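Peer 1: Residues per chain are reported as follows:
Protein chains: 2
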Amino acid sequence: MRIGLIGTGTVGGGVIQILEQKIEYYRKALGVNLELACICAKSDEEVAPYKAKGYTVSTNADEMIADKSIDVLVELAGGYNMPRKWITAALENGKHVVTANKALLAKYGHELFPLAESKGCHILFEAAVGGGIPIIRSLQEGLLGSTVEHLSCIINGTCNYILTRMSEAGLDFADALKEAQANGFAEADPTFDIEGIDSAHKTALLASLCSDKYVDFEKIHVEGVSKITAQDIASAKDFGHTIKLCGIYHRVGDRVDARVHPCLVPMDHQLASVNGVLNAVYLQCDNLGEALQTGAGAGRMPTASAVVADLVSLARSTDCGKRAALPMGFFKKENPADLVSMDETSARYYFRFSAKDACGVLANITGIFAQNQISIESIIQKNVNDPSKVCVIVITEKTLEKKAVAALNAIDALDSVADKSQMIRFLG
Amino acid sequence: MRIGLIGTGTVGGGVIQILEQKIEYYRKALGVNLELACICAKSDEEVAPYKAKGYTVSTNADEMIADKSIDVLVELAGGYNMPRKWITAALENGKHVVTANKALLAKYGHELFPLAESKGCHILFEAAVGGGIPIIRSLQEGLLGSTVEHLSCIINGTCNYILTRMSEAGLDFADALKEAQANGFAEADPTFDIEGIDSAHKTALLASLCSDKYVDFEKIHVEGVSKITAQDIASAKDFGHTIKLCGIYHRVGDRVDARVHPCLVPMDHQLASVNGVLNAVYLQCDNLGEALQTGAGAGRMPTASAVVADLVSLARSTDCGKRAALPMGFFKKENPADLVSMDETSARYYFRFSAKDACGVLANITGIFAQNQISIESIIQKNVNDPSKVCVIVITEKTLEKKAVAALNAIDALDSVADKSQMIRFLG
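Residue numbers (this note's numbering), protein chains in the order written: chain A, 652 to 1079; chain B, 652 to 1079.
Read the hints as simulated data drawn from the structure, not as lab findings.
Incorrect hints may have been included.
Treat identical chains as interchangeable: a pair holds within one or across any two.
Unchecked claim - Straight-line distance between alpha carbons at most 20 Å, and here's what the computed SDA-like set of lysine to any residue pairs gives:
{"hint": "1", "residue 1": "679", "residue 2": "980"}
{"hint": "2", "residue 1": "888", "residue 2": "924"}
{"hint": "3", "residue 1": "864", "residue 2": "1038"}
{"hint": "4", "residue 1": "719", "residue 2": "1072"}
{"hint": "5", "residue 1": "693", "residue 2": "671"}
{"hint": "6", "residue 1": "984", "residue 2": "759"}
{"hint": "7", "residue 1": "888", "residue 2": "714"}
{"hint": "8", "residue 1": "679", "residue 2": "822"}
{"hint": "9", "residue 1": "704", "residue 2": "904"}
Computed from a predicted structure; not experimentally measured.
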């Protein structure tokens, strides 16, 4: 199988390195012949080291994609526009595609997957979600004897690192972010990660795989972690919980409940101990019961390892006659998931209110909860001796999001409430 | 794909149930046509309910296997002799095989896998190890971009349930076993499970997959959990550890270190919180780093779910032309793993000695450790006021098994030592 690779950056470089390590092993032990036929990058400088090693290199991706001798395009350039064009052209030319580009698949998968299916081509993307966790393959194959009823996942290493450090060291969000950046776990512009967009891309892909329907990532509810405070983490701990940014999928009959937001996770839940840049996917299935997979979420070698596993898998699928591509044609706009709106969801809620004084505010707050028919599980007041910093933590019983939001807005409108209040859902 | 099923017991019945649930889904969503062509069991009574439902049934497995219209044999009868004969005949007839029979594969895999390869047939066995964990598929496909350097696993639900209850409730081994039996988590004759033999079958299969060599389960070191006492569990806790029965694989250059024995696992290790009948596989890989998969280890529906996933996978591999079977031909006596002997392994050790009196015994014990050049990390004496029950716990630094055993034997020979001493290795 002749491979054309676009991108010699972190992951692309890692793929070349693994192929150099293991290509002989694949040939001997697995009977799989992989050949890195062409390495393509934007500039001569980027491809020069590979040219020097004797590889065929190119700075013209279109030309490489037009080359009929190349069987599979490995797209590791990142971004939307060029990869979309390249992958479309590759599929039109009957080439298979391997990519780690979750943003592209979340945004344009509805074009690319059906196109691949119509051309009899595979798009493999194990590296797009939790590089070190073979979750795509598990959902597409290993778990097919069961239906996924619920999935919750920690799939953004940046956010998980930040929340872990806030929890372990009591850091504020801003300091934890700075530390993450200093350690290479957060980008200079971290928006995509910390606002949950990357998690939404991945959650949409997982929800589509679980439901066999097109889950449009732009339509799912997304909250990031930038509004989580050290106080929230500390209060969660008081209640035996930790805070994690979770991607969530629930099967609700024929409908799909998919969303990304911070969650209070009980300390004895398997996701609670998934710390640092580690990723994890937790599943509840009809026949199989509970399952958890954890592993590195990103990073050069874990992601590259997933790309190479896809290449081996693809070579095994196509070397001997032809194995039909895994069905992803459902992933199109004409087959949209019927999404459950946030208003319809329910959860236990954690609220944190900043009150100007402790005297009347509690009566006001509890009154509003009562008006909205929300049962309160517990209330804790902190700093009652310092009227300028009174903090009221309320944990509710399970209630409708619609009611919770109505209560939140009513309370925020009170004169006795200072800053904007916090609302975080419990996982479950 | 026409399926011939042998065995209508727990797992076989579950497979029929899942096929009834999902066969239409597979057809519509995945384009996979599965047909339960024949259900075979020992007696008319066993097949009667299925006959009543309109299935073709049989009490003659040989006849069913000779039927050329059947594409795959699903063997869920259990035991060695008949399944070996049936599977051999099926492969000779060009049929694929799906089985959950780890004992059979560990014992006769060296005949069956090479035979399958020579006939171009698949043997799929996801259900044989950790039914709810798609670990076989992960090792054969998802993790192929990496080399497994280390694997440790909890793959016997009976033992894990017993150890969990000993730890949680302070039960003795005998009481925990009785509770497991009462709850259906242990057989009436639990020997196979509690003495580690079932874990050895599974560990040998995993070690073979990791090393591409034949790991003979009869040659790997096996210890079970029947000698673990409540005192050991409590002492391990004092040191921040829990005790788990672990299957272990280490790559040692070109050699293989595979074994099954109880381990002291640090409480913050991902395996420590795998409790009850849950199974888990923990991996350290060169490129991928650390990964963990947990899930149900056994039980009707999780195991059946894995069998059905194999059937779907197989149908997808064979419906469109032919996909070569996953290479398992290495699994033969002519390609044995060069096994590291226990003497050559090293670990930190936990020892528990029962001393007749507290006065001189400590000097004797420490003297013997010194003679064997073993560094002691810590010593705790318990019940020093009751000379008949003095208990000495010794934790050593990392040392060679050979030295540890020599010290153990020398100490056991002391007059001042009462019962046979305990020796448990730390994981790592």
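Peer 1: For residue 704 and residue 904, with the copy left unspecified, which applies at a CA distance of at most 20 Å: within, between, both, or neither?
Peer 2: Neither, since 56 Å and 28 Å both go past 20 Å.
Peer 1: Is it within a copy, between copies, both, or neither that the alpha carbon of residue 864 lies no farther than 20 Å from that of residue 1038?
Peer 2: neither (52 Å within a copy, 71 Å between copies)
Peer 1: Between residue 679 and residue 980, at a C-alpha cutoff of 20 Å, which is it: within one copy, between copies, both, or neither?
Peer 2: Between. Shortest inter-copy distance 12 Å satisfies the 20 Å Cα cut-off; intra-copy 35 Å does not.
Peer 1: What label fits residue 888 with residue 924 when the C-alpha limit is 20 Å: within, between, both, or neither?
Peer 2: The answer is both: 13 Å in one copy and 19 Å across copies each meet 20 Å.
Peer 1: At most 20 Å between alpha carbons: which applies to residue 719 and residue 1072, within, between, both or neither?
Peer 2: neither (59 Å within a copy, 70 Å between copies)
Peer 1: Within a copy, between copies, both or neither: where do residue 693 and residue 671 come within 20 Å Cα-Cα?
Peer 2: neither (22 Å within a copy, 53 Å between copies)
Peer 1: Regarding residue 679 and residue 822, is the shortest C-alpha distance of 20 Å or less found within a copy, between copies, in both, or in neither?
Peer 2: neither (51 Å within a copy, 51 Å between copies)
Peer 1: How would you classify residue 984 and residue 759 at a CA-CA limit of 20 Å: within, between, both, or neither?
Peer 2: Answer is within; shortest intra-copy Cα gap is 10 Å, inter-copy 51 Å.
Peer 1: With identical chains treated as interchangeable, where does the CA-CA distance between residue 888 and residue 714 reach 20 Å or less: within a copy, between copies, both, or neither?
Peer 2: Neither, since 57 Å and 64 Å both go past 20 Å.
This entry does not satisfy hints 3, 4, 5, 7, 8, 9, going by the numbered hints stated previously.
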